[in-house]
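A.B. asks: Place chain B on chain A using the hints.
Each chain, written out:
There are 2 protein chains.
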Amino acid sequence: MSRIPRIVILGAGYGGIVTALRLQKELNYNEADVTLVNKHDYHYITTHLHMPAAGTDDPQNARVSILKLIDEFKIDFVKSTVVQIRPNDKKVILEDGTLSYDYLVIGLGGEPETFGIPGLKEHAHFIRSINSVRLIREHIEYQFARFKKEPHRKDYLTFVVGGAGFTGIEFIGELADRIPKLCKEFDVDPNHVKIYNVEAAPTALPGFDPELVQYAMEVLQKKGVTFKIGIALKECTPDSITLADGEEIKTQTVIWTGGVRGNRLVEEAGFEAMRGRIKVDEYLRIPGHEDVYVIGDCSIVMNEEGRPYPPTAQMAIQQADVLAHNLVASIRNSSLKTFKYESKGTVASLGKNEAIGIAMGRKLKGGSAAMMKKIIDLRYLYIIGGIPLVLRKGYFN
Amino acid sequence: MSRIPRIVILGAGYGGIVTALRLQKELNYNEADVTLVNKHDYHYITTHLHMPAAGTDDPQNARVSILKLIDEFKIDFVKSTVVQIRPNDKKVILEDGTLSYDYLVIGLGGEPETFGIPGLKEHAHFIRSINSVRLIREHIEYQFARFKKEPHRKDYLTFVVGGAGFTGIEFIGELADRIPKLCKEFDVDPNHVKIYNVEAAPTALPGFDPELVQYAMEVLQKKGVTFKIGIALKECTPDSITLADGEEIKTQTVIWTGGVRGNRLVEEAGFEAMRGRIKVDEYLRIPGHEDVYVIGDCSIVMNEEGRPYPPTAQMAIQQADVLAHNLVASIRNSSLKTFKYESKGTVASLGKNEAIGIAMGRKLKGGSAAMMKKIIDLRYLYIIGGIPLVLRKGYFN
Chain A
1 MSRIPRIVIL GAGYGGIVTA LRLQKELNYN EADVTLVNKH DYHYITTHLH
51 MPAAGTDDPQ NARVSILKLI DEFKIDFVKS TVVQIRPNDK KVILEDGTLS
101 YDYLVIGLGG EPETFGIPGL KEHAHFIRSI NSVRLIREHI EYQFARFKKE
151 PHRKDYLTFV VGGAGFTGIE FIGELADRIP KLCKEFDVDP NHVKIYNVEA
201 APTALPGFDP ELVQYAMEVL QKKGVTFKIG IALKECTPDS ITLADGEEIK
251 TQTVIWTGGV RGNRLVEEAG FEAMRGRIKV DEYLRIPGHE DVYVIGDCSI
301 VMNEEGRPYP PTAQMAIQQA DVLAHNLVAS IRNSSLKTFK YESKGTVASL
351 GKNEAIGIAM GRKLKGGSAA MMKKIIDLRY LYIIGGIPLV LRKGYFN
Chain B
1 MSRIPRIVIL GAGYGGIVTA LRLQKELNYN EADVTLVNKH DYHYITTHLH
51 MPAAGTDDPQ NARVSILKLI DEFKIDFVKS TVVQIRPNDK KVILEDGTLS
101 YDYLVIGLGG EPETFGIPGL KEHAHFIRSI NSVRLIREHI EYQFARFKKE
151 PHRKDYLTFV VGGAGFTGIE FIGELADRIP KLCKEFDVDP NHVKIYNVEA
201 APTALPGFDP ELVQYAMEVL QKKGVTFKIG IALKECTPDS ITLADGEEIK
251 TQTVIWTGGV RGNRLVEEAG FEAMRGRIKV DEYLRIPGHE DVYVIGDCSI
301 VMNEEGRPYP PTAQMAIQQA DVLAHNLVAS IRNSSLKTFK YESKGTVASL
351 GKNEAIGIAM GRKLKGGSAA MMKKIIDLRY LYIIGGIPLV LRKGYFN
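Protein chains in written order, with full-length UniProt numbering: chain A, 1 to 397; chain B, 1 to 397.
Extracted from the complex, chain A is given alone in its bound form (with noise of 0.2 Å):
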């Protein structure tokens, strides 16, 4: 090759930010031009934005530079919005300029999935960005600001999370946390507030061990937590949802964590795609176009029953790795790993010293299982920044 091959990442979410940090190690001086693309100058902890969404944790503790993550004389950054993918002529197509490759990493993210539920997108937040986690907090107190002038407007208190899923109830667990702070904070009888979880699904937490997925509803409701499980949202207003059994709810505060999809972006390039994922190949590439990884939420991997694996963290990070691996072989003309994923776990967060998990084949829950949680957050941490950026965000509370 004549002229030294350029691999353009799009998105520094796990995915994209993991690829970048291995690519920046592994490759040799002038072997590849590395562009990474991304809409914010800073990568987000996703599975941390629960957090400062209920107001619980600083949304800064839940995003990192990326100037101080990768090292810009080896790869360039570009803050801007992607509009387009042409794999046909090897260009993306941002807000403000054009990129070609010879190597295309996608790495967009998802996006909520509302399943056309009426008034949802409109009416709904949405935890999926330091942004929309900022909208989140900042409604909530709001709403407690609100019904201090208006204190016969008991829905201002009133708040509804879609889905019980792993965000759904992580972001109850801290936000039944915090309700009794906001209730001393602005002079609110904490008997006034409310907070409901709404699942289409028989069980919250499908999936996961039931023995778990108990222990972990018993926690909620002891922290105020209605539960309506099995029953489905059919309409969100402005100031309401109504559920399946026609029960309506007065609410000025819908978080909908009730689903999540691919990237329209990937769907609009005329990939073959499922709501807007795109099922890779062994080695994370798109059949027939070989120049193109997949990475993260806009991929599909299968497990070993032919259904695909719900888009983790977890995965993302470790598809980066063999992804990293793959692009660096390409380009040496050397051999390409196949990627498998391996489950090491899963913990989720219910509020302050308070999880459940499996992790190392044990089911864990209470104390132990929020360590583990703490010790997940912390070696992500060590992963993308070292030490360093341990100790910086590592927030030992």
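Keep in mind that the hints were calculated from the coordinates and are not lab data.
Cβ atoms here follow ideal geometry from the backbone N, Cα and C, with glycine treated the same way.
Be a bit skeptical, because a hint or two may be false.
Within a straight-line C-alpha distance of at most 27 Å, the following computed DSSO-like cross-link-like pairs (lysine-lysine) qualify [stated by the list, open to error]:
hint, chain 1, residue 1, chain 2, residue 2
1, A, K181, B, K393
2, A, K68, B, K149
3, A, K184, B, K68
4, B, K149, A, K79
5, A, K79, B, K184
6, A, K74, A, K393
7, B, K181, A, K68
8, A, K79, B, K68
9, B, K393, A, K121
Which bits of chain A does chain B cover? Going by a derived footprint, with three or more residues having C-beta under 8 Å, they are [claimed, not checked]:
hint, segment
10, 141-149
11, 203-209
C.D. replies: This is chain B only, laid out in the frame that chain A set:
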């Protein structure tokens, strides 16, 4: 008198709380029954409210629990809202009960005066209580969070303060200090933020020394404030204001500080009142109702030119001394004191370390005025709570 006389004090603002404290000190055991009625179980320091409103200080620093100030063995405290004053029955109707009195002290405070400007009452915010300033603070923060979701909505970041009197100017000083911090917190370009101050009178801070007014405006203009002086506000809608010269400013946030009137309850009680304020006699009683004293924003005291003094904290505190003396004298059948206001100076803050004022016959500006402001604040804390309160709330920042 065969029965112990009953004194009822309505309102625990500056006038009410200082009256109660003076009575507590002066009255002998079983000389009178004193009952203090207040809507909240705390007294708030109205002249400090512009800080928590802008978010530059904690609302906690602007209030004190009433039970920490009064001695419950000497004074009964009733947390309730006054519904009606019946001077002919010598009764006060509360939301949840009735009180009979021999002597009544009306210290119910004022209400915002909107001069019939359409939409102002419905859509503007007012700096008048702990609840209202918490709402302002949350409302402002919410606009920053909303802007990040809808970056085309520049009107979210336009803040209009109506009135360039004392409260308006002091609030603007704090708001201008807070904006850079909010911009940093929410990743907002400070150039998007606009602060307008609209005042119908031909000058800001009418009645103040023109040289000091000039200084104040320059300080605030440097902090980014745009003044519209001599231009009346014509209309306020949920998302705009219109000025008398036809200019429309798109905004979600109007804070109205342009006028204060007395309390509607004194009008409804049948007393002769002007905008809810009663012209009291030289002993601070209502002419024709010698058992009813009025203090603070509900009272009118004339200056030597026959014009009413503006109602201020300083005025109310001075009234309380004379009022308490006169109550005790009435009970003891000794002679009453006449009230005469004596200005001890006035300082308006313009944000951190900036102020203007007149004290001890001298013009002050900048750091020395700010220092004087701090001394005035601390002096008041000392008056109501002694050294312990000064230490607890004196926020030496």
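A.B. asks: Against the 27 Å threshold, does the CA-CA distance of K181/A and K393/B hold or violate the hint?
C.D. replies: holds, 21 Å
A.B. asks: Three residues or more, CB to CB closer than 8 Å: is that satisfied between the segment 141-149 of chain A and chain B?
C.D. replies: With 7 residues in contact (Cβ-Cβ under 8 Å with chain B), the coverage given for the segment 141-149 of chain A holds.
A.B. asks: Run the distance test for K181/B versus K68/A: straight-line Cα separation, threshold 27 Å.
C.D. replies: holds, 22 Å
A.B. asks: Would you check chain B against the segment 203-209 of chain A, counting CB to CB pairs closer than 8 Å, and say if three or more residues qualify?
C.D. replies: violated (count 0)
A.B. asks: Against the 27 Å threshold, does the CA-CA distance of K79/A and K184/B hold or violate the hint?
C.D. replies: holds, 18 Å
A.B. asks: So if I understand the rule, the pair passes when the alpha-carbon distance is 27 Å or less; does K68/A with K149/B pass?
C.D. replies: Holds - the C-alpha atoms of K149/B and K68/A are around 26 Å apart, at most 27 Å.
A.B. asks: Take a quick look at whether K74/A and K393/A sit within 27 Å of each other, Cα to Cα.
C.D. replies: This hinted pair holds, its Cα atoms lying about 25 Å apart.
A.B. asks: Holds or violated: K149/B and K79/A, Cα atoms, limit 27 Å.
C.D. replies: Distance of about 18 Å is within 27 Å: holds.
A.B. asks: Does K393/B pair with K121/A here, judged by a C-alpha cut-off of 27 Å?
C.D. replies: It is violated: about 46 Å lies between the C-alpha atoms, which goes past 27 Å.
A.B. asks: Does the structure keep K79/A and K68/B at a Cα separation of 27 Å or less?
C.D. replies: With a Cα-Cα distance of about 55 Å, the restraint between K79/A and K68/B is violated, given a limit of 27 Å.
A.B. asks: Given the hint that K184/A pairs with K68/B, test it: the Cα-Cα distance must not exceed 27 Å.
C.D. replies: holds, 18 Å
In the structure shown, a violation is registered for the earlier hints numbered 8, 9 and 11, in ascending order.
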